Amino acid sequence: MRLFGLPPLRLLVVAMVPTLWAIALYMLKLANKRESVAYLLLWQRVVKRVGSGRGLRRFETSMSLFLQLAFIALLTLAVGRPRFAGQQQAGRAIVFVLDNSASMHAFEGRKERFEIARARLSSLLANLADSDEVALVVTAPPSVLVPLGPRTASFVAAVDRVRAAEEPGQLGEAVKEARALLSARQSLHPGSANGVHIITDGSEALPQFLDSLPMAVDTVGRARENLGITALGARLNPSLANTVRVFVEVGNFGTRRGRADLRLSVDGHLFAVTPVELGPGSRLQRSFSTALSERGELSARLDRITIDGAADALAVDDVANASMPRNGEVKIGLAATNPFIVSALVAQSRYRIEPLDAAHIATQNRDYAAVLIEGALPAQLPPGGYVIFAPTGGAGDLPMRVTSTLAQPTFTDWRDDHPALRSVSLADVVVARSAKVVLGSDTTALASFFDEPLIWAVDDGRRRAVVVGFDPSDSNFPLHAGFAVLIYNAIAWVSADSPASAPERTRVIDARESDIAPTKLSAQRGSPSSSPRFIDRELWPLCLWLALALLLIEWWTYHTRVTS
Amino acid sequence: VPSKLLFAKQILAALGYIALSTLDQVTVIPFDRQVRDVSDILAGQGRRLELLRFLSDVELGSKTDLSRVMRQFLGRFRRRGLVILASDFFDPEYAVALRMLHHAGFDCLALQVNDAEEVDPPFKGELDLVDCESGEHLSTRVLPDAKKIYVEEWQNHYAQLARLSRAFQQGHFAVTSNAPLEALILNVFRRSGFLR
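So the sequences go chain by chain: A and B.
FYI, the numbering for the first sequence is 1 to 564, going by our numbering.
FYI, the numbering for the second sequence is 1 to 196, going by our numbering.
The set of hints was computed from the structure by calculation and includes no laboratory data.
Predicted, not measured: the structure shown is a model, and the values here were computed from it.
Glycine included, each C-beta is placed from N, C-alpha and C at the ideal position.
Where hints are given, some of them may not hold.
Unchecked claim - So the derived list for chain B, only partly shown, Cβ under 8 Å to chain A, looks like this:
{"id": "1", "residue": "Pro92"}
{"id": "2", "residue": "Glu118"}
{"id": "3", "residue": "Asp120"}
{"id": "4", "residue": "Asp128"}
{"id": "5", "residue": "Asn187"}
Claimed, not checked - DSSO-like mimics (lysine-lysine), calculated; alpha carbons at most 30 Å apart, straight line:
{"id": "6", "chain 1": "B", "residue 1": "Lys147", "chain 2": "B", "residue 2": "Lys124"}
{"id": "7", "chain 1": "B", "residue 1": "Lys63", "chain 2": "A", "residue 2": "Lys331"}
{"id": "8", "chain 1": "B", "residue 1": "Lys9", "chain 2": "A", "residue 2": "Lys48"}
{"id": "9", "chain 1": "A", "residue 1": "Lys48", "chain 2": "B", "residue 2": "Lys148"}
{"id": "10", "chain 1": "A", "residue 1": "Lys33", "chain 2": "B", "residue 2": "Lys148"}
{"id": "11", "chain 1": "A", "residue 1": "Lys111", "chain 2": "B", "residue 2": "Lys63"}
{"id": "12", "chain 1": "A", "residue 1": "Lys111", "chain 2": "B", "residue 2": "Lys9"}
{"id": "13", "chain 1": "B", "residue 1": "Lys147", "chain 2": "B", "residue 2": "Lys63"}
{"id": "14", "chain 1": "A", "residue 1": "Lys48", "chain 2": "A", "residue 2": "Lys33"}
{"id": "15", "chain 1": "B", "residue 1": "Lys148", "chain 2": "B", "residue 2": "Lys63"}
{"id": "16", "chain 1": "B", "residue 1": "Lys124", "chain 2": "A", "residue 2": "Lys33"}
{"id": "17", "chain 1": "A", "residue 1": "Lys176", "chain 2": "B", "residue 2": "Lys148"}
{"id": "18", "chain 1": "B", "residue 1": "Lys63", "chain 2": "B", "residue 2": "Lys124"}
{"id": "19", "chain 1": "B", "residue 1": "Lys9", "chain 2": "B", "residue 2": "Lys63"}
{"id": "20", "chain 1": "B", "residue 1": "Lys124", "chain 2": "B", "residue 2": "Lys148"}
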């Protein structure tokens, strides 16, 4: 325990005055009150039986004084602002993990959560010992802002400079960074006390490995109402030239019904306004058409938000931005004759298709955004993007090996989080036969029949490929809308770095950040943990409470005449 | 304890009034450590006012000495009759006095008069207790358990008086100064044989 208020000597002086005063009053009080009785003999017998105040009874007489002295001592101690610090010893190392994710923009009353968190951090810093070392790690993006070192003015300045980001936080990654800092110090100073102090709004769950880490968690904020845009995207409309389909998703992350106007604009020109109404915890998807605007900036905004009896706590997710798709032609090399593949390509007006001879791809590759190959692969594939169907004739120099054929596989697993399979459903696809392959490094199974990959992706840094292990004609896949979508997605993914494609810029707050209720963390904090934790706590409120309790005891004992 | 004295005087006045009304003779003998001014032997209804005046003039004395008082009384009054001994009996020698009365052949009614505060003392805590008669001091702490013991001692003290009265076939009647006077007097009268 350390004192952060008056130094001990001054505290003694401060305590001396009321202590002497209490003792003086007690001595004066020792002159007993006189009471007249009719027959003293009875009281003499009583005294004979009860005793005249020996042992504990003598203590009872002085109990009032003891209580008063304890009361003064506690008040004096409170003035000294004692703090109790578990593992308190010189040279602690504390890594502060400050959550600066988008959800920290949420307002708690008049202040943003991040401002509250930063104030709390400043308060903690002010109470550290000079010999303590501190570091600062933020979560969005997870990075070490200040490595472990003494608490200097530059550290405080760094804390002041931190701002809440407008992107999702990665608390787990940030804590990994903190742990790495502590591990490095532990190796230099074995046995030294260290720990992590997390200040967060609890919108992210803590990773499980934290159980082995000495830590303390400070939470700011509580569950509040929030309406936010959780998805925004724009794609060229394949069925109507020079138009774009815009997709927007709005979510209600509160417990009350909310309404708003959803306003969509391109380069500041409004093209759609629609009212949206969402029940608690619901999501709403809307799609719109607009004219293609070359290099335009798409913007979605929730306006005039009204939530039953509450305010929208988080403003940053009320606006989302995305770039409009480019209308440039995509040059496709086609080394396939399958009519389903050709039909899917022809349906996309942006594609300029040039036939290729697969055997001579190495010499004929002329800056294609993607090359579609069916059947046997050439011995060597030059850098670029490829969409490959039924690689039955061999695997070329791609990191995979075709071993045999799978009969009548079905799709049991697929990764719809991969760009190539976005919006593609393989649930009802039936395949007669597919290549049985062994995947090497730099490959990812996208869809599989148990452990046998049926569709997979290759990315070795120079080449990207999406490989469909079966002939579309040997399946009912071409009869599904997902077939064409898969081809378009695959071309977009494999051609991501080609000159014909351009990166899509999107700024949408993640739905996890829009969900600003600190439930996940609260649940986890409730779980028992045997790991040692830093306890750094102001004790003056406890002193005051104890003093108040003593005051009540003194009052009670006086009025029941246990003391006088 | 003035209220106790007043209460005793009221009871005795009522008893004396009735006695004079029934043509009995009445003598009032105030006492403390000794017999004080004794009233005349009063007889007849015409002396009732004199009785009341005499009683009202009785004042507090000093410490009680019942055995000495009883010796003085028996030395002056030989004719037997009913003695109503009104006292708080806060005297260790009261048993001697009762015995002397008994052996002298007097009928006796021990009228025990107490203050309500004597039964349940209102004070607590660290106190300097002073005997109102002797002026003796006792510094003690009156805690709830001490009060409980006091009540026990108080009850023992008067239980002994009651036993002694029974043994001498004497009457014993206890009153506290906060009791309703009319009901009490009727009760005393019946017990003492004034009323039937």
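Hints versus structure:
no.	hint	verdict
1	Pro92	7 Å, holds
2	Glu118	5 Å, holds
3	Asp120	13 Å, violated
4	Asp128	4 Å, holds
5	Asn187	23 Å, violated
6	B:Lys147 <-> B:Lys124	8 Å, holds
7	B:Lys63 <-> A:Lys331	132 Å, violated
8	B:Lys9 <-> A:Lys48	35 Å, violated
9	A:Lys48 <-> B:Lys148	14 Å, holds
10	A:Lys33 <-> B:Lys148	21 Å, holds
11	A:Lys111 <-> B:Lys63	82 Å, violated
12	A:Lys111 <-> B:Lys9	83 Å, violated
13	B:Lys147 <-> B:Lys63	24 Å, holds
14	A:Lys48 <-> A:Lys33	21 Å, holds
15	B:Lys148 <-> B:Lys63	26 Å, holds
16	B:Lys124 <-> A:Lys33	10 Å, holds
17	A:Lys176 <-> B:Lys148	71 Å, violated
18	B:Lys63 <-> B:Lys124	26 Å, holds
19	B:Lys9 <-> B:Lys63	18 Å, holds
20	B:Lys124 <-> B:Lys148	12 Å, holds
Taken one by one, the earlier hints fail for this structure at numbers 3, 5, 7, 8, 11, 12, 17, listed in ascending order.
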